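Starting from the given sequences, assemble the full structure and let the hints guide the process.
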Amino acid sequence: MKGKELSGAQVLIKSLEAANVDTIFGYPGGQALPIYDALYDSEVRHILTRHEQGAAHAADGYARATGKPGVCLATSGPGATNLVTGIANAYMDSVPLVAITGQVPRRLLGRDSFQEADIVGITMPITKHSYHVEDPSELARVVKEAFHIATTGRPGPVLIDVPSDISLAKVEYEEPGELFLPGYRPVLDGDPVQVAAAARAIAESERPLIYAGGGVVTSGAHEELLRLAELLMAPVCTTLMGLSGFPGNHPLSLGMLGMHGTKYANFAVCECDLLIAVGARFDDRVTGKLETFAPEARIIHIDIDPAEIGKNVRVDIPIVGDVKRVLSQLLEILRPGLREAWREKIEAWKKEYPLTYCEQGRLKPQAIIREIYRLTEGKARITTEVGQHQMWTAQYYTFTRPRSFITSGGLGTMGFGMPAAIGVQVGCPDETVFDIAGDGSIQMNIQELCTAVNYELPINVAIINNGFLGMVRQWQEFFYNRRYSQSELRNPDFVKLAEAYGAEGIRVTKKAEVAPALEQAIRSAKPVMIDFVVDREDNVLPMVPPGGSLDKMIG
Amino acid sequence: MHHTLAILVENNPGVLARVAGLFSRRGFNIDSLAVGRTENPAVSRMTVVVEGDDHILEQVTKQLHKLVDVIKINDITRDAYVDRELVMIKVRAEASERAEIMQLVDIFRARIVDVGHKTLTIEVTGNEGKINAFEDCLRPFGIKELVRTGKIAMLRGLRSSSKSSSHKEEDDD
Numbered sequence: 001m002k003g004k005e006l007s008g009a010q011v012l013i014k015s016l017e018a019a020n021v022d023t024i025f026g027y028p029g030g031q032a033l034p035i036y037d038a039l040y041d042s043e044v045r046h047i048l049t050r051h052e053q054g055a056a057h058a059a060d061g062y063a064r065a066t067g068k069p070g071v072c073l074a075t076s077g078p079g080a081t082n083l084v085t086g087i088a089n090a091y092m093d094s095v096p097l098v099a100i101t102g103q104v105p106r107r108l109l110g111r112d113s114f115q116e117a118d119i120v121g122i123t124m125p126i127t128k129h130s131y132h133v134e135d136p137s138e139l140a141r142v143v144k145e146a147f148h149i150a151t152t153g154r155p156g157p158v159l160i161d162v163p164s165d166i167s168l169a170k171v172e173y174e175e176p177g178e179l180f181l182p183g184y185r186p187v188l189d190g191d192p193v194q195v196a197a198a199a200r201a202i203a204e205s206e207r208p209l210i211y212a213g214g215g216v217v218t219s220g221a222h223e224e225l226l227r228l229a230e231l232l233m234a235p236v237c238t239t240l241m242g243l244s245g246f247p248g249n250h251p252l253s254l255g256m257l258g259m260h261g262t263k264y265a266n267f268a269v270c271e272c273d274l275l276i277a278v279g280a281r282f283d284d285r286v287t288g289k290l291e292t293f294a295p296e297a298r299i300i301h302i303d304i305d306p307a308e309i310g311k312n313v314r315v316d317i318p319i320v321g322d323v324k325r326v327l328s329q330l331l332e333i334l335r336p337g338l339r340e341a342w343r344e345k346i347e348a349w350k351k352e353y354p355l356t357y358c359e360q361g362r363l364k365p366q367a368i369i370r371e372i373y374r375l376t377e378g379k380a381r382i383t384t385e386v387g388q389h390q391m392w393t394a395q396y397y398t399f400t401r402p403r404s405f406i407t408s409g410g411l412g413t414m415g416f417g418m419p420a421a422i423g424v425q426v427g428c429p430d431e432t433v434f435d436i437a438g439d440g441s442i443q444m445n446i447q448e449l450c451t452a453v454n455y456e457l458p459i460n461v462a463i464i465n466n467g468f469l470g471m472v473r474q475w476q477e478f479f480y481n482r483r484y485s486q487s488e489l490r491n492p493d494f495v496k497l498a499e500a501y502g503a504e505g506i507r508v509t510k511k512a513e514v515a516p517a518l519e520q521a522i523r524s525a526k527p528v529m530i531d532f533v534v535d536r537e538d539n540v541l542p543m544v545p546p547g548g549s550l551d552k553m554i555g
Numbered sequence: 001m002h003h004t005l006a007i008l009v010e011n012n013p014g015v016l017a018r019v020a021g022l023f024s025r026r027g028f029n030i031d032s033l034a035v036g037r038t039e040n041p042a043v044s045r046m047t048v049v050v051e052g053d054d055h056i057l058e059q060v061t062k063q064l065h066k067l068v069d070v071i072k073i074n075d076i077t078r079d080a081y082v083d084r085e086l087v088m089i090k091v092r093a094e095a096s097e098r099a100e101i102m103q104l105v106d107i108f109r110a111r112i113v114d115v116g117h118k119t120l121t122i123e124v125t126g127n128e129g130k131i132n133a134f135e136d137c138l139r140p141f142g143i144k145e146l147v148r149t150g151k152i153a154m155l156r157g158l159r160s161s162s163k164s165s166s167h168k169e170e171d172d173d
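Chains as they are written, first to last, in full-length UniProt numbering: chain A, 1 to 555; chain B, 1 to 173.
Because the hints were derived from the structure by calculation, they are not lab data. Given the structure is predicted, the values throughout are model-derived calculations rather than measurements. Every residue, glycine too, gets a C-beta built ideally from N, C-alpha and C. Mixed in with the good hints, there may be bad ones.
[Claimed, not checked] The calculated DSSO-like cross-link candidates involving lysine-lysine, where the alpha carbons are at most 30 Å apart (straight line), are: (1) Lys379(A) <-> Lys552(A); (2) Lys130(B) <-> Lys144(B); (3) Lys311(A) <-> Lys62(B); (4) Lys90(B) <-> Lys68(A); (5) Lys130(B) <-> Lys90(B); (6) Lys511(A) <-> Lys526(A); (7) Lys170(A) <-> Lys351(A); (8) Lys144(A) <-> Lys4(A); (9) Lys526(A) <-> Lys68(A); (10) Lys289(A) <-> Lys345(A); (11) Lys66(B) <-> Lys289(A); (12) Lys379(A) <-> Lys526(A); (13) Lys170(A) <-> Lys4(A); (14) Lys90(B) <-> Lys62(B); (15) Lys62(B) <-> Lys144(A); (16) Lys311(A) <-> Lys66(B); (17) Lys345(A) <-> Lys552(A); (18) Lys62(B) <-> Lys289(A); (19) Lys511(A) <-> Lys379(A); (20) Lys144(A) <-> Lys66(B); (21) Lys14(A) <-> Lys144(A); (22) Lys68(A) <-> Lys66(B); (23) Lys14(A) <-> Lys68(A).
[Claimed, not checked] Not the full set, but computed from the structure, chain B residues with beta-carbon under 7 Å of chain A: (24) Lys66; (25) Val70; (26) Ile71; (27) Ile101.
[Claimed, not checked] Reference listing, derived: stretches of chain B covered by chain A, where coverage requires no fewer than 3 residues with Cβ under 8 Å from a Cβ of chain A: (28) 11 to 17; (29) 52 to 63.
The structure is reproduced here in structure tokens:
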């Protein structure tokens, strides 16, 4: 169907609207100006961040919280390269993200022109796919393909690089036709033979353990996972990314496994005779020393990405497919199990080795996080930065709802939490959003507090301030003979800083002040930054030393 | 062990960079890579020779499958196939040596494609063994320049690795 003539930028925006995009996070600049001009007439909401990295993380947070693809937009050169960390972050955690970058006009390409960067080349290893648009008539098709690729199969970031002369060119708008991607056909249903083999292995097992990853959350398989666990009476441990995929308050929940996992989850991995890996990728932070990981277990691995199967550990029964669909297939043929002895053993471990911390001393990070959980009744959307506070959040906030824990898992990006919280709050305007932060991490994208103030997004930032790059300090304490090289921080006055941005700032130094400060933050219609001044040398425990065996934990 | 992969890709800009980049990024060493379009102008075919054990090959193949532009991959190493490389060799050829070189050209069913005052440029196609042997024979005369295309390969008989319409599978025939 032929339509009227539009500019390339107008086609781009029209195509975004056709893809049901309601919000874009971005930052304008020279080569993106035609796109920004077209955006001026559009219903699409644009959130102006203070840095392109913030835009990418905000789009990422929006996607993780809503399940819809996140969209970020930047200009060429430095604008585009500032997106790189955010794109890599989304790639590592399989987040559907479409990043649009302006590019210098085609006649200037390849000449080291002002603000030219080969962003397609730079991001090739960290995108699921990328496009450099060379013809304005391709735009509609490219956008349609990009959203399809970003959101289907194993989700991931897709980049669209648009030279400014393409944005300016006049083109007759045509609806894109059917998608034709002969090389892209994700397998969704599990092979019935393999599913049957998995069911047999489950029936034969006496000590099954479910190991659930972020794929459960991504595919919306939390209900199926719950049914599976209850049907088999099998305990469930999760990865960091999988934490909100299974209710943390369920009797079968073992919490997180791995480096900072619970002792009982790690013991269960060491003693299970069947490990059912669901949408998880056997990251080194989870497995520790590969030779001693689940040594007695047969392994079933369900994953939508065939390349994950057998990548790090040997797998006995691989099943390629969408986790939700494969679990549904399995549930149809499985029989209930009892396995009392295994349950009793796990219950005994849970009683003997609970997560604990020393309550003596001044403010305790763990107690603050517990209090956030209590006051939000476990219903908040939590983002984190990266470090000790992130691990304490994983340990002490009990996640019960999918998509309620939004954290940088694979890449471990400091500076993720605050802009992600902005994206989450934009996507979920009626919910309470907390960024649990470290005093080091928060300073990597603290300028985004201004974005939150501008758009009246009532995000809450809880800084666990110990005056250190806490996790670096912890490693230096354990593995570098307490030589605290460059890990001690001299911080700004976070309260004054918050106020300077137009947010509320609260400092908390005593236990009695914790709950009132949190209540004030939750009530406030403004963004609030709370500076919790905590004990300086608390550690995240238990801990499996890097490359160690899961059953040999410190603490 | 050397593996020969026949990879069908969409004939889009940047595909070669994506494929080659994937190999280097993951530490897989490419021994030889030849690429050109197929009977379908929208589809190119790469023949990649890569060294590694079966586990490495499995990872290479799976990672390649993830590239949206990759349509199909065949590891034809263990199948019956014919393979060829084209090589051009510029060899020093004094008048007194020309007859001898031309004899070698005949024996190897090569062809002289350029004659200079003191050089002959010879093209030869064949598998790796034949080309190596020919190169060894010419070396004593003095090879001034040598260029090889990299290996291309095709399954014998009715079987084919270039049905671009088929789904990504390693062996669908």
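Going through the hints against the structure:
1. Between lysine 379(A) and lysine 552(A) the CA atoms are separated by roughly 34 Å; this puts the pair beyond 30 Å, and the hint is violated.
2. A hinted pair counts as satisfied when its Cα atoms are at most 30 Å apart, and lysine 130(B) with lysine 144(B) qualifies at roughly 20 Å.
3. Taken as a hint, the lysine 311(A) and lysine 62(B) pair is honoured in the structure, with Cα atoms around 10 Å apart against an allowance of 30 Å.
4. For a cut-off of 30 Å, the pair hint linking lysine 90(B) to lysine 68(A) is broken: about 60 Å separates their Cα positions.
5. Pair hint lysine 130(B) plus lysine 90(B) holds up; C-alpha atoms about 17 Å apart against a cutoff of 30 Å.
6. With a C-alpha separation of about 24 Å, the suggested pair lysine 511(A) and lysine 526(A) falls inside the 30 Å cut-off, and the hint holds.
7. The suggested pairing of lysine 170(A) with lysine 351(A) is violated, with an alpha-carbon distance near 69 Å, which exceeds 30 Å.
8. For the given pair, lysine 144(A) sits about 19 Å from lysine 4(A) by alpha-carbon distance, which is consistent with the 30 Å threshold.
9. Proximity of lysine 526(A) to lysine 68(A) is assessed by CA-CA distance (about 26 Å); at most 30 Å being required, the pair is judged to hold.
10. A distance of roughly 24 Å separates the Cα atoms of lysine 289(A) and lysine 345(A); the hinted pair therefore holds under the 30 Å criterion.
11. Among the hinted pairs, lysine 66(B) with lysine 289(A) is consistent with the structure: their alpha-carbon atoms are about 28 Å apart, no more than 30 Å.
12. As the CA atoms of lysine 379(A) and lysine 526(A) are separated by approximately 19 Å, the hinted pair is consistent with the 30 Å bound.
13. Only pairs whose Cα atoms come within 30 Å are accepted, and lysine 170(A) paired with lysine 4(A) is accepted, the gap being roughly 10 Å.
14. Using a Cα cut-off of 30 Å, the hinted pair lysine 90(B) and lysine 62(B) is violated, with the two alpha carbons roughly 40 Å apart.
15. Between lysine 62(B) and lysine 144(A) the CA atoms are separated by roughly 25 Å; this keeps the pair inside 30 Å, and the hint holds.
16. Taken as a hint, the lysine 311(A) and lysine 66(B) pair is honoured in the structure, with Cα atoms around 14 Å apart against an allowance of 30 Å.
17. For the given pair, lysine 345(A) sits about 18 Å from lysine 552(A) by alpha-carbon distance, which is consistent with the 30 Å threshold.
18. About 24 Å separates the Cα atoms of lysine 62(B) and lysine 289(A), which keeps this hinted pair within 30 Å; it holds.
19. This hinted pair checks out: lysine 511(A) and lysine 379(A) have alpha carbons roughly 23 Å apart, not beyond 30 Å.
20. Simply put, lysine 144(A) and lysine 66(B) have alpha-carbon atoms about 19 Å apart, close enough for the 30 Å limit, and the pair holds.
21. Between lysine 14(A) and lysine 144(A), the direct Cα distance comes to roughly 11 Å. Compliance with the 30 Å bound is thereby established for this hinted pair.
22. At roughly 22 Å between alpha-carbon atoms, lysine 68(A) and lysine 66(B) fall within 30 Å of each other, so this suggested pair holds.
23. Between lysine 14(A) and lysine 68(A) the CA atoms are separated by roughly 18 Å; this keeps the pair inside 30 Å, and the hint holds.
24. With a least beta-carbon distance of about 6 Å to chain A, the hint placing lysine 66(B) at the interface is held under the 7 Å criterion.
25. Checking valine 70(B) against chain A: minimum C-beta separation of about 5 Å stays under 7 Å; hint holds.
26. Restraint check, isoleucine 71(B) versus chain A: the minimum CB separation of about 4 Å is within 7 Å; hint holds.
27. Nearest Cβ of chain A to the Cβ of isoleucine 101(B): about 43 Å, over the 7 Å cut. The hint is violated.
28. For the region 11 to 17 of chain B, the stated coverage by chain A is satisfied: 3 residues place a CB nearer than 8 Å to a CB of that chain, which reaches the threshold of 3.
29. For the region 52 to 63 of chain B, the stated coverage by chain A is satisfied: 5 residues place a CB nearer than 8 Å to a CB of that chain, which reaches the threshold of 3.
When held up to the earlier numbered hints, the structure conflicts with 1, 4, 7, 14 and 27 and fits the remainder.
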